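Undergrad: With chain Z fixed as given, assemble chain G onto it according to the hints.
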Amino acid sequence: MRAGLILILLIFCTMKGNAQEVFSFTFRETPVEEVLEKIEQQTGYIFSYSPSILHQCPLKTISIEQANLEQILNLLFKSSNISWEKLGRYIILKQGKRFFIVYGRIYDKASRERLIGASVYDSRLHVGAATNNYGFYTLTVPEGEVCLNYSYVGYQSVSYQFYLKSDTMIHVELQPMLNLDEIVVVQPNIPRWVKNSQPGQVEFPIYTATVLPKFLGESDLLKTVQLFPGVQVGMEGIAGILVRGGNRDENQFLIDDIPLYNANHLLGFFSVFNSDAVKNVNFYKSSFPARYGGHLSSIMDIRLKEGNLQEYHGSFSIGLLSSKFNIEGPIERNRSSFNITARRTYLDLIGAPIYAAINNTNDSKEKIGYNFTDINIKLTRIFSQQNALSLILFYGNDYLKYKKDEKDSYYIEPDRTRDYMRVVWGNWGVGLRWDKMISTGLYANTMLSYNQYRAFMNKRYRHENASGDTIRLKKIRFKSGQEEWRLKSDLTWTMNHWNRLYLGGHYIHHVFTPEKRTTLNKIEKEMPSRKWVNYKEYAHELALYLEDKITIQEKWIVHPGIRGILFHVGSTNYFSLEPRFSIQYNWTDRWETKASYTLMSQYIHQLGSSTMNMPTDLWIPVSDNVKPMKSHQCVLGIYYHPCTQWHFSLEGFHKTYNHLLDDYNGVDITPEYSDWKENVHSGKGHSYGLEWMGQKTGGRTNGWINYTLSRAYRWFPDGSINQGRRFPTKYDSRDMLNLVLLHKFSNFFDVSATWTFNNGFYTTQPLERYNTPTHLPGEKGEEKKDIIFHIEKRNNMKTPDYHRLDLGFNFHRCRKHGISTWSINLYNAYCRLNTIELSPDYDSKYGNREERQYFSNDWLFPIIPSFSYTFTF
Amino acid sequence: MKKEVVGIFLVLLTWELLLNGCEQKLHLDLNAQSPVLVVNSILMADNDSVRVRVTWTKNVYEQGDFPVEANASVKLYKNDRFVGACQYQKEGWYIIVHHVEATEVYRIEVDVPGRPLVWGETRVPAPLLNASIECDSLQERIINRWTDREEEKNYYWLSSTHSSLNGVPDTLHMELLSYLQTNSTLPDAFNRSFDFDEEIPAEYDYYLRVEDSGLSGKEIELSYKGRRSGYYYWEPDTGCYKSIRFILSLDENYDRYLKSSIVNDDYLAAMDSEPLFYAPLWTYSNIHGGTGLVASYSKYEDLFIQVFTKRE
Numbered sequence: 001m002r003a004g005l006i007l008i009l010l011i012f013c014t015m016k017g018n019a020q021e022v023f024s025f026t027f028r029e030t031p032v033e034e035v036l037e038k039i040e041q042q043t044g045y046i047f048s049y050s051p052s053i054l055h056q057c058p059l060k061t062i063s064i065e066q067a068n069l070e071q072i073l074n075l076l077f078k079s080s081n082i083s084w085e086k087l088g089r090y091i092i093l094k095q096g097k098r099f100f101i102v103y104g105r106i107y108d109k110a111s112r113e114r115l116i117g118a119s120v121y122d123s124r125l126h127v128g129a130a131t132n133n134y135g136f137y138t139l140t141v142p143e144g145e146v147c148l149n150y151s152y153v154g155y156q157s158v159s160y161q162f163y164l165k166s167d168t169m170i171h172v173e174l175q176p177m178l179n180l181d182e183i184v185v186v187q188p189n190i191p192r193w194v195k196n197s198q199p200g201q202v203e204f205p206i207y208t209a210t211v212l213p214k215f216l217g218e219s220d221l222l223k224t225v226q227l228f229p230g231v232q233v234g235m236e237g238i239a240g241i242l243v244r245g246g247n248r249d250e251n252q253f254l255i256d257d258i259p260l261y262n263a264n265h266l267l268g269f270f271s272v273f274n275s276d277a278v279k280n281v282n283f284y285k286s287s288f289p290a291r292y293g294g295h296l297s298s299i300m301d302i303r304l305k306e307g308n309l310q311e312y313h314g315s316f317s318i319g320l321l322s323s324k325f326n327i328e329g330p331i332e333r334n335r336s337s338f339n340i341t342a343r344r345t346y347l348d349l350i351g352a353p354i355y356a357a358i359n360n361t362n363d364s365k366e367k368i369g370y371n372f373t374d375i376n377i378k379l380t381r382i383f384s385q386q387n388a389l390s391l392i393l394f395y396g397n398d399y400l401k402y403k404k405d406e407k408d409s410y411y412i413e414p415d416r417t418r419d420y421m422r423v424v425w426g427n428w429g430v431g432l433r434w435d436k437m438i439s440t441g442l443y444a445n446t447m448l449s450y451n452q453y454r455a456f457m458n459k460r461y462r463h464e465n466a467s468g469d470t471i472r473l474k475k476i477r478f479k480s481g482q483e484e485w486r487l488k489s490d491l492t493w494t495m496n497h498w499n500r501l502y503l504g505g506h507y508i509h510h511v512f513t514p515e516k517r518t519t520l521n522k523i524e525k526e527m528p529s530r531k532w533v534n535y536k537e538y539a540h541e542l543a544l545y546l547e548d549k550i551t552i553q554e555k556w557i558v559h560p561g562i563r564g565i566l567f568h569v570g571s572t573n574y575f576s577l578e579p580r581f582s583i584q585y586n587w588t589d590r591w592e593t594k595a596s597y598t599l600m601s602q603y604i605h606q607l608g609s610s611t612m613n614m615p616t617d618l619w620i621p622v623s624d625n626v627k628p629m630k631s632h633q634c635v636l637g638i639y640y641h642p643c644t645q646w647h648f649s650l651e652g653f654h655k656t657y658n659h660l661l662d663d664y665n666g667v668d669i670t671p672e673y674s675d676w677k678e679n680v681h682s683g684k685g686h687s688y689g690l691e692w693m694g695q696k697t698g699g700r701t702n703g704w705i706n707y708t709l710s711r712a713y714r715w716f717p718d719g720s721i722n723q724g725r726r727f728p729t730k731y732d733s734r735d736m737l738n739l740v741l742l743h744k745f746s747n748f749f750d751v752s753a754t755w756t757f758n759n760g761f762y763t764t765q766p767l768e769r770y771n772t773p774t775h776l777p778g779e780k781g782e783e784k785k786d787i788i789f790h791i792e793k794r795n796n797m798k799t800p801d802y803h804r805l806d807l808g809f810n811f812h813r814c815r816k817h818g819i820s821t822w823s824i825n826l827y828n829a830y831c832r833l834n835t836i837e838l839s840p841d842y843d844s845k846y847g848n849r850e851e852r853q854y855f856s857n858d859w860l861f862p863i864i865p866s867f868s869y870t871f872t873f
Numbered sequence: 001m002k003k004e005v006v007g008i009f010l011v012l013l014t015w016e017l018l019l020n021g022c023e024q025k026l027h028l029d030l031n032a033q034s035p036v037l038v039v040n041s042i043l044m045a046d047n048d049s050v051r052v053r054v055t056w057t058k059n060v061y062e063q064g065d066f067p068v069e070a071n072a073s074v075k076l077y078k079n080d081r082f083v084g085a086c087q088y089q090k091e092g093w094y095i096i097v098h099h100v101e102a103t104e105v106y107r108i109e110v111d112v113p114g115r116p117l118v119w120g121e122t123r124v125p126a127p128l129l130n131a132s133i134e135c136d137s138l139q140e141r142i143i144n145r146w147t148d149r150e151e152e153k154n155y156y157w158l159s160s161t162h163s164s165l166n167g168v169p170d171t172l173h174m175e176l177l178s179y180l181q182t183n184s185t186l187p188d189a190f191n192r193s194f195d196f197d198e199e200i201p202a203e204y205d206y207y208l209r210v211e212d213s214g215l216s217g218k219e220i221e222l223s224y225k226g227r228r229s230g231y232y233y234w235e236p237d238t239g240c241y242k243s244i245r246f247i248l249s250l251d252e253n254y255d256r257y258l259k260s261s262i263v264n265d266d267y268l269a270a271m272d273s274e275p276l277f278y279a280p281l282w283t284y285s286n287i288h289g290g291t292g293l294v295a296s297y298s299k300y301e302d303l304f305i306q307v308f309t310k311r312e
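Chains as they are written, first to last, in the working numbering: chain Z, 1 to 873; chain G, 1 to 312.
Facing chain Z, from chain G, some residues (calculated, C-beta under 7 Å):
hint, residue
1, 38
2, 282
3, 283
4, 293
Restricting the straight-line Cα-Cα distance to at most 20 Å, the calculated cross-link-like pairs of lysine to any residue (SDA-like) are:
hint, chain 1, residue 1, chain 2, residue 2
5, Z, 522, G, 228
6, Z, 793, G, 256
7, Z, 488, Z, 292
8, G, 225, Z, 523
9, Z, 793, G, 260
10, Z, 516, G, 192
Simulated from the structure, these hints should not be mistaken for laboratory data. Remember, predicted model here, so these are calculated numbers, not experimental data. C-beta: ideal position from N, C-alpha, C; glycine also.
Bound conformation, chain Z alone (with noise of 0.2 Å):
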């Protein structure tokens, strides 16, 4: 017994020593023959070659302790073109190396969603790859043992282990982590090279924007967006964006590639962006890839999720201004899913009443209803593994509606005037994309779209005395926006393991009804005048691009692109190559730099506010005289992770622009269509900063602080506007600063806090006025001679710094299905009264005469206290 005891033992040692045999070599100068003679004498191997091919070995110098013989033998043909096979006790060496493709798609495993920007890396071969925006990942590694880890935010790692010999396709699926700790799970430890962003690329999680501090309730994304370095707010409370010296018309937003041209509900105070429906974000503030193009500042990629296809889940939420709902299921069960979610506001609802009972008298009625509805669509059909379908369609709706029913009690018969009006402005699209994978390297995405944003208006007025007949009437209709067909094509192809190429293309039939209007004016018994106005232009839009991605011995990462637009409008062709550069250096696992050039071009433009988004907005194509604008944009910037949780970068970049567009009067209310022409002009701009970041991504409290410094302008050297001096943008901030703080205590409550500060805005403010030319023959009016206001030039004045502090409580409570959560949040905090505009006015004292003159200064929101309630099955 203890002899059988004892031999079982010497086996069970014989067989672990034989699993984990470790040799020691050193070798000076030696023949590869001669090294593989020695490796064969101790292990007792046999290698089995055509001599001819160690010709290429050199002579070898190695020195090994203690190493196993898989490790022995790729450090031996490290840098030679030899591949090697155990077979048994048989070695067999061949020539070449053979590289294969491990390819295939990333899932949630509860819901079979494609995760976007999920990481396989494997660590031995030092190689890796982030999936597409369609959870495709493709990684071509060398013939041999791979072990492939899966990773993504917020998910349990994957691992697989197995000898590649041949083309292998794995589709993983990762297992979210139900009971988190933290409010942002960490990233693995997987080198950041893997998932390459460009320098001014901002991926975040849209949990992020779910969590920080809400105004009146609702969670936005672009108010997200706002809190991240270079990205300037514009007005107090308004949801539009301005990125590094740029307009409001300089950002592109894309629903799963579907552009979309009114971001925004209420006038800007809400973006249209249903954060229930949203599964990814990628912001671009520079380093503009080739495939995207089209606008000048930034591009807003935002990817809709496209369903459960395992089981039926769902949300609804409560709040002050509005109610949502999202639903998301499988049609078929892992073939075919959807996902749903519609919000409306009630303003109208709560409202109307309110201020008819505060405005109503017996000779005035006035009636007034506004509300919004925003509503996402995702249907998504997997016919086999290369072959997806997806139907898109995004529809998002403003509606003001006004009464007014006025009469004069005085006079014994009094007149009567109705008013009336019905603005209805918004954007819809729908689009269909296909998704093949089309070989092992070779990844194409498909999309046919179709896209409008339209504003309409439909005003009445009537005047008619008290026995009913008509004194005054006029009926206007008003009718602006833009359509889109959109054919677009992107083919992913992964030439090998360091060598990446996008190329693609796209073809847009733009066209624009700037103003379409109608008009009846009829005054009593005079015949009534009808007149009408119908622009219309078309334009054709074809862009080709290419762009590759070179990873150099994981230190460098090249990523040249260009891309060629040919525009087409009325007569005219414009035809521009943009060339797009990034390099990344990683010196060490922690320190990169980067650093980019890109020329964007952009053939659209928004006449309109430059503070608000305005249903009166206009879209309009270039033209012979209007050219396209162009921007030149450099970035350099240094990034230092010390450690996972923590991430600091500093970024400097330098913007230049060409042609661009500003109205003669910097006046921010919409020009008639056919004056527009006239009122603007073309100019030149430079924007240069630096932003710092540093974030902190896990644990229990996390958030970031960012700085800007910079500086923007214009001028317009033909002296139209402001006698062709540089002057400042008017949101040009000098200091920019915002911090975010999100602390969960436990699963049932967190708090998040935002802080933001900067320099205020630019004005222009006369501030001296004089008289007119006299005795001009036919001059019209004399009465208004002496008020030509001497503005010495254009944004003189600038508002006072703008503060604000936001706070977001958030309860959760685990139901029986599913989990409930009430939000509390307090917008501006300590109530920082912000400057919304500045007008003159002045003081009088008549006692003393004396007289002060000030600026008043208008402001919208103080301290305001919102909630909201959110139940998640």
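TA: For chain G alone, coordinates are given in the frame of chain Z:
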């Protein structure tokens, strides 16, 4: 209508969001802004004098007259040659006797001790070629004819003034026609009452502005029908009615000034109620080192007088 939309939105914001639009006084020292010298002079071709007014700007809310500059040295140059110094009269006016010649370039320089030189320049337009103004038999439609001068860039402004009508015709106070209706497509749309390109006839506020682009050397005919604004009462049984119809050929400076001043007036009229986003407009000035206008024009006019006598 767009302004109404803006206004309604303001109301909506204030009430619907339960937020009161609030106001805080921000006292800034406006008096710290230094005044700027203003030079105004309009030269008319074939006039025998040149009048220049030199004043200073004043604070936007400062009351009283504009400060005048009586100690300036005002010099007139023609084609860079010194013509003479203007003599100070009163209220900031400086005058020099000189026959203003068409097609010549005049420069006015104003030197105030201790201040940099302020100046403005204008090229006097040539007289209107083959100009005539007629009325149709009912005196309703005014027909203007002239030939564009090929050798220079011209800016034509057409309108007419009428005796103001306050019960009886008043020939001392002339009023500009408020609306000019025409079938012509020549006028610039900037002051069109309704902004319609295809709209015929179209109505314009106060003036018809015609730029000579595309008209080089051509004979031009442009007729219009005038309409006054508001209601008036007049029984033409006595008194005298006077009307001056004119065609002006302006130099570029005058044209840009007048256009910007009309746009400014329209804008201020639209903003006459509570301005939502107050933004002042820029009025054109060609004065270097100061503000104001040095400009010129030539004129063709037709005087129409009608005397009414009461029938017995």
